[in-house]
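Student: Listed here are the chains, written in short residue letters.
Protein chains: 2
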Amino acid sequence: MAKQYVYLYNDGDGKNKHLLGGKGANLCEMTQIGLNVPPGFVITTEACLNYLSDSDRKLTTGVMNEVKQNIQAIEQATQKNFGSPDNPLLVSVRSGSAMSMPGMMDTILNLGLNSETLPGLVKATNDERFCYDAYRRFIQLFGKVALNISDEHFDEHFDAVKKQANVKEDVDLGVDELKEISELFLIVVKEQTGKPFPEDVYEQLEIAIKAVFNSWSGKRAIDYRREFKITKDMADGTAVNIVTMVFGNMGNDCATGVGFSRNAGTGENEMYGEYLVNAQGEDVVAGIRTPKAIQEMETEMPDLYKQLVELRNKLENHYKEVQDYEYTIEKGILYCLQTRNGKMNAAAMVRTSVEMVNEGLIDKKQALCRIVPDSLEQLLHPRLDPNAKAESLVRGLAASPGAACGKCIFDADRAELLGTAGENIILVREETKPEDIHGFFKSKGILTSRGGKTSHAAVVARGMGKACVAGAEGISVDVKARQASVGEHIINEGDVITINGSTGDVYLGEIPTLEPEFSEELKILLSWADKEARLQVMANADTPEAAEKAVEYGAMGIGLCRTERMFNDVDRLPIVVDMILANTKEAREVALDTLLPIQRDDFISLFKTLAPRPVTVRLLDPPLHEFLPSEMQLIDELASLRQLSGTVNGVANLLSSMRFTNPNPQDVPSLLPAPFNEMGEQMVNELIAKKELMLKKVRELYEVNPMLGHRGVRLGISYPEIYTMQIRAILEAVAECAKQGIEIQPEMMVPQVATAEELKYVKKIVDKTQKEVESHYGIKLNFKFGTMIEVVRACMRAEHLAEVVEFFSFGTNDLSQAAFSFSREDAENKFLPLYNDSGILQDNPFEVLDTKGVGQLMKMTVEWGRKSHPGLKIGICGEQGGHPSSIKFCHELDLNYVSCSAPRVPIARLAAAQAKLQENDDT
Amino acid sequence: MAKQYVYLYNDGDGKNKHLLGGKGANLCEMTQIGLNVPPGFVITTEACLNYLSDSDRKLTTGVMNEVKQNIQAIEQATQKNFGSPDNPLLVSVRSGSAMSMPGMMDTILNLGLNSETLPGLVKATNDERFCYDAYRRFIQLFGKVALNISDEHFDEHFDAVKKQANVKEDVDLGVDELKEISELFLIVVKEQTGKPFPEDVYEQLEIAIKAVFNSWSGKRAIDYRREFKITKDMADGTAVNIVTMVFGNMGNDCATGVGFSRNAGTGENEMYGEYLVNAQGEDVVAGIRTPKAIQEMETEMPDLYKQLVELRNKLENHYKEVQDYEYTIEKGILYCLQTRNGKMNAAAMVRTSVEMVNEGLIDKKQALCRIVPDSLEQLLHPRLDPNAKAESLVRGLAASPGAACGKCIFDADRAELLGTAGENIILVREETKPEDIHGFFKSKGILTSRGGKTSHAAVVARGMGKACVAGAEGISVDVKARQASVGEHIINEGDVITINGSTGDVYLGEIPTLEPEFSEELKILLSWADKEARLQVMANADTPEAAEKAVEYGAMGIGLCRTERMFNDVDRLPIVVDMILANTKEAREVALDTLLPIQRDDFISLFKTLAPRPVTVRLLDPPLHEFLPSEMQLIDELASLRQLSGTVNGVANLLSSMRFTNPNPQDVPSLLPAPFNEMGEQMVNELIAKKELMLKKVRELYEVNPMLGHRGVRLGISYPEIYTMQIRAILEAVAECAKQGIEIQPEMMVPQVATAEELKYVKKIVDKTQKEVESHYGIKLNFKFGTMIEVVRACMRAEHLAEVVEFFSFGTNDLSQAAFSFSREDAENKFLPLYNDSGILQDNPFEVLDTKGVGQLMKMTVEWGRKSHPGLKIGICGEQGGHPSSIKFCHELDLNYVSCSAPRVPIARLAAAQAKLQENDDT
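So the sequences go chain by chain: Y and Z.
Using the working numbering, you'd call the opening residue of the first sequence number 61 and step up by one each time.
Using the working numbering, you'd call the opening residue of the second sequence number 61 and step up by one each time.
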């Protein structure tokens, strides 16, 4: 039997999205659960892939035969006839791949109209105006999508006719105008393609099917898949849906609309959506007419409203998920055209998750798994300070919540360009279209002057968690002049504006924003997550302030406290510099003695903030030259100093300029001393001497490859007095806390370890210091000693390292650099973008853990480490530790914890729970 | 039964060197094979380790009892009595560990003398002079070794008495003087230690035994073990030998001597050695009197000479190895005191290996295994140009062959200091002592004014393969004045001299040297090696000249040709710079088109030189900025250029200075053009423009960590036109050779590969270019495509990489940097010496492969690579590929080849054979 490429909705497998696409499978499912779906069928993704891989771009043999058979089945069901003047059947042709890619591929409506069927339709509907409207829509859409004719060729005629007829709204156009438009459109097609518009309906159908298939390999779709990391095993090829047309524009007992089964912006459990009376679906989506809120239907069309509520309930009860559905009312009959899981912002997802559990619709595991962890980042976006007394310039629709501020840019290309260059951009358009998508990615927010909450701009912005104000009709945008105006206010391109996607307000200038706070629902959800997760989630934090923030975010401890951040504080850096400039161990120790109590207080404060949670302190890591100015800077400073004439002006200028550039602010008195000339002169000479010393040291410490240089434990072994000071500060802090009866879990770890011998060397210092501190305080100290695993050789020697320590912490940033031989600083500017673009690497390995290479190292390390040290505690504190796919991998490796930046903690908590819950999904 | 710590030579196991030490085991063996060895016994290394680990430094209970029992056994054998005035027994106390460490530990002679036994000895020998001579020697040696009294305290008195008696040679001292000296020495001991010299002979014995044990943990011995990498499992603790004293200084029928069973310098099969009549052994070794060549004995003492020849033959027939033996003739009786395998220079080792095989004494495998591969490096040292018409200033003994040239330095400390700083040093001393050893390591050659061919200086220098002229009595050295003089010539410290250790000549200044050539014996030996080895030995060579050299050294092919070396040639660099400065692909291609025929000719020449051996060409590896001057240099050059006044002088100065510093010599005409002012002015302006462009590019290309930067395949993917040019040049060269009927084995490989995708990318270029070249030449090209394995991730992904290539080549230099996260350039200057000194790392991992870490990566790579690609060809081309222990590891990993620098090829060939021959030794 020949392979089947086409399935009627009554027959297709509603679960087989790979074959039928999301929409096709869904329509099968909808049909089969008894919703009133217009009859139709689906052509499989296999047919698409066959077509795209065929060098002549021919449809696989037999596909069109199957299509014809299925058209006949539809004809039977609808009692209409395709291509016949007698009650003609019209169909839509829509794409639909396994992954939802809203707006990315093409749709054709009203297919089946030609010079013969048009009169037939008029006869059947008895509505000439509707028919010509359908006809002109079909010609334009088919012309654009299937024949690649640019919209403007059509719009030009359309606008001219409208102007001539002196009408504003499309609906006000009469039959004659629409006839004229149709005729003009047919001429446009012939002019642009050199051929007449196809009359044969099966030819129309075949061209349309091919156009949809082609759209899969179009630039827009490819860009989208790359941005959203949709790989071939997630979706390969698009299916094509051929569905009987139903019309929302056959009169005032007709309507078309879209709905969310809950409020898409807030997640509130209420009817949500918009509709247009006497309109076709594309009018709603494209935002060409501003639609009415669904609530109006309750009074306008109460019976239909009831049906809609029933539909909504049926959908949610069946799908157990918020649904984004489309419907059309044709002469009082409600058809459900499509439904899919609703894309909502994170706040709405969280709220619905919690409420749907409370309603008994889903269980907690489902509630946790339906949220994309990274989306929670939206909840951490700033919102406008409610106390800021800013006056809104204009108000549009609150289309996607959150606040955003940036320069107005009036087209997507420029927005992309400037956004990539690091500018904050607000993309301002009359309305947006799928081809603007690249501009969205690089903008902070979107503002449109037309379209509703389900317009393209709104839907896409919500999906991305970007603030969006839509349909702000008070603004008129003049792209050519690169200006927008609100009444008499002119906004030039580049002017800064602020938008509030939660209220729809638009402001001139930058408005103060507030840090976001956790919603109650999110707290509940994350508490469920914590109960499910096996991985603990720690935060990377270096100061008590950062640690407090981390606790707010729900961190279960500090997985990485970088002590060098403490060294860099304004009040410590001069001491650190003195230590570095010292030429003897004794002189270094003098400086270190000054640092000791400061560091101890840091640690006491940190331990107390986190008590009783664990805090892991890493000993000094960066090379010493990082604490000194650059060679160039010192050369410049010395040149300026030496040119100083000794006059009051010269010295004063120097001092005032230095206050801004000098790394050691204590070198510069904030008030100029009284007997200025001499003091200035002396100060300058002292400064010269010091800078010369610094320059000498900088040159001495110069390294060709600092990333692989004299740092971490290598420094600790070269200058044991530095580590000794830090270890003492940690242990004395532990002792102080113990004395005060505070329960803490202190840990210390050694960076850049490559050999067990290095660890043993440091361990000796720890043991000695521990004895001294214990005998001084008269108490026993409890703490853990561990090592970073960030050097490849440490992985290879994990079995031996594990014998010396109580825990491992993967430093996957350095480990990835070493594993790839990529210097992150260099790679991200030089060749990584090219590597990602050309598909050599799918991700940036410094953001997403490279499980195949670096992950393989980690896997062996875990295995070997626990071989000699069963149950060894192992975590990760690299940046990737906050990335959901990396967290999943860490879970699978059976790590004990991940540690990430504080704002990623909620994401990591959810991801950790999902990793556990999805454990069995992959097997 | 209690543990036995002491063994009579008649009883000890002659194979158990670990327990009895080399010397003790040897004496057991010698005794047991019937040589006339003075009766004695050995105290085990176990007793030593027990003693050293005892915190009170006490001998293990029972050891002294066993010693007493064995002394009684000697008393019986010799009919002498220890500590008795009646025919007293004197013994020597000598160290001896499992590994020979000549001169490193202590020896005491004549032990058993005291105020009572001395008259007994006089009675027994009837030679008062001899007895007092023995007594004063004993007091001094015991004082120095066992009681830590510095020599100078004794020498002062000794010299004073000699002066007073007006004698030059020690032998001219009379009884009275020797008596006086003995008395003075006893006073020295009392003064220096606060106690009288010990009278009790067992007390003497116990102190002496402890002193020998202690010497194992003395600084000298520890330094020696570290330098020669003697680990605990090679030798742990020293044994102590107690042997009946026999005297070579009891009259003119007495003598003492040392012998080599073959010529120690050349390996020639002849009697070799020196002796002194009426002298004790230490006189020979210390070089205090210049001894006679052994050949003189044939006429002076013909019977004894015959006995000596018999002894030598017996030793070689038994030990199957060249022997270094010591003997004493006491009143006409020949005693063999010790024998050990002779330490010889590499030339002698090679010659004896080949000759001993020819004589049927050993087989080829033994011949190969007895030579330390690294020692062959000596054969690659330069020798003096025989045509150089230099006049020898003075001639000494040819103590260790080879020529050396450097600055005279008069003490070991300074020699070490300056040698470490990279200076060429000749260590010049009156005589050397074991405490000078650190100076040897850092000197190019050794020159002494006293001592023979078996003096300390000569033995140690030969062992190290350093040139040595010994006993150049014409030189007098004044260390305090930091001068030496030869007649009226004054040599100040720091003056350059040249020594010829093969002739004994010493020259002022630097004398031209010639490259060494292979001896016939070495060629024979290495041909045996090649037959045994499984690993092939390739060379790293970048030019046809270097390749020719490699073939001379016996390379079986080129394992690594670095194409960037070709880029750096004077005639190509300007083109390369143009290519780098180009801002478009097209402009780059113009420069690359110029390079293409040049590179193609390089490859043709290289392939032909090596034909039919394999040649592996690596595509461009270093980052582009390496071909440009540094930022600082450009800034300086621009500053000079801009200051130019345009005068003839200014421009002329500039041009002449630039000829030395400018990287692009073509920028500077060799003759100044005629209408100079204008041309100069214009040239300067053009130069400024070009330098500015270069500076801009240098800044654009700047990398924080160039080792991990934009290089290797990353460059090849960013600028595919570069790799395309190189691939085309290689393939066209292959085609040209094929056209000429030359059989070649070309290979190309890609550097810095981290992912299989990168390889596939380059492979596509190769496939495309191959098709083009094949169709142009009308022939099929045979070549191999491979990848460097020098990035850790490549190891992890070996299974996938192996699917794309035909060979792997480990770049263990970069791989070690990445595995350790050590930048070699930084590490070797900053912390590696400390890591080696403190024992954190035993070796420099960039010289000796780190088998535990990097080796583990390699092991997995081999396993995974051959899993998907059975029989995959795998080699190593890092610097470690020439190091014997690394070669052994590569053999064990079942690699196919090693590739190293050309001069290491002979060493690698021998090491590869040994790796195969010793395969079963380790199991």
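Bear in mind the hints are in silico, worked out from the structure with no lab data behind them.
Just so you know, not all the hints are guaranteed correct.
Identical copies go unnamed one by one, so any copy, or any two together, can satisfy a pair.
Under the rule of at most 35 Å between Cα atoms (straight-line distance), these lysine-lysine pairs were calculated in the DSBU-like manner [what the hints assert, rightly or not]: (1) K912 / K927; (2) K204 / K831; (3) K128 / K63; (4) K824 / K366; (5) K912 / K933; (6) K228 / K391; (7) K292 / K831; (8) K502 / K824; (9) K279 / K823; (10) K449 / K668; (11) K757 / K279; (12) K820 / K292; (13) K128 / K223.
Student: Against each hint, give a clear statement of whether it holds in the structure.
Tutor: Hints versus structure:
Proximity of K912 and K927 under a CA criterion of 35 Å is satisfied in both settings, with 22 Å inside one chain copy and 17 Å between copies. Neither within a single protomer nor between protomers do K204 and K831 lie at most 35 Å apart by alpha-carbon distance, with minima of 81 Å and 42 Å respectively. For a Cα distance limit of 35 Å, the shortest separation of K128 from K63 inside one copy, 16 Å, qualifies, whereas the shortest one across copies, 102 Å, does not. Proximity of K824 and K366 under a CA criterion of 35 Å is satisfied in neither setting, with 78 Å inside one chain copy and 63 Å between copies.
Taking the closest pair of Cα atoms, K912 and K933 come within 35 Å of each other both inside a single copy (23 Å) and across two copies (24 Å). For the identical chains of this complex, K228 and K391 are intra-copy neighbours only, at 26 Å inside a copy versus 137 Å across copies, given an alpha-carbon limit of 35 Å. Taking the shortest alpha-carbon separations for K292 and K831, only the inter-copy value of 31 Å comes in at or below 35 Å, while the best intra-copy value is 60 Å. For a Cα distance limit of 35 Å, the shortest separation of K502 from K824 across copies, 34 Å, qualifies, whereas the shortest one inside one copy, 52 Å, does not.
For the homomeric pair K279 and K823, the shortest alpha-carbon distance between copies (27 Å) is at most 35 Å, but the shortest distance inside one copy (58 Å) is not. In this homomeric assembly, K449 and K668 never come within 35 Å of each other (Cα to Cα): the closest approach is 39 Å inside a single copy and 83 Å across copies. For a Cα distance limit of 35 Å, the shortest separation of K757 from K279 across copies, 34 Å, qualifies, whereas the shortest one inside one copy, 54 Å, does not. Taking identical chains as interchangeable, the C-alpha atoms of K820 and K292 lie at most 35 Å apart only when they sit on different chains, with a minimum of 19 Å there against 49 Å within one chain.
In this assembly of identical chains, the alpha carbons of K128 and K223 never lie at most 35 Å apart, being 42 Å within a copy and 129 Å across copies at closest.
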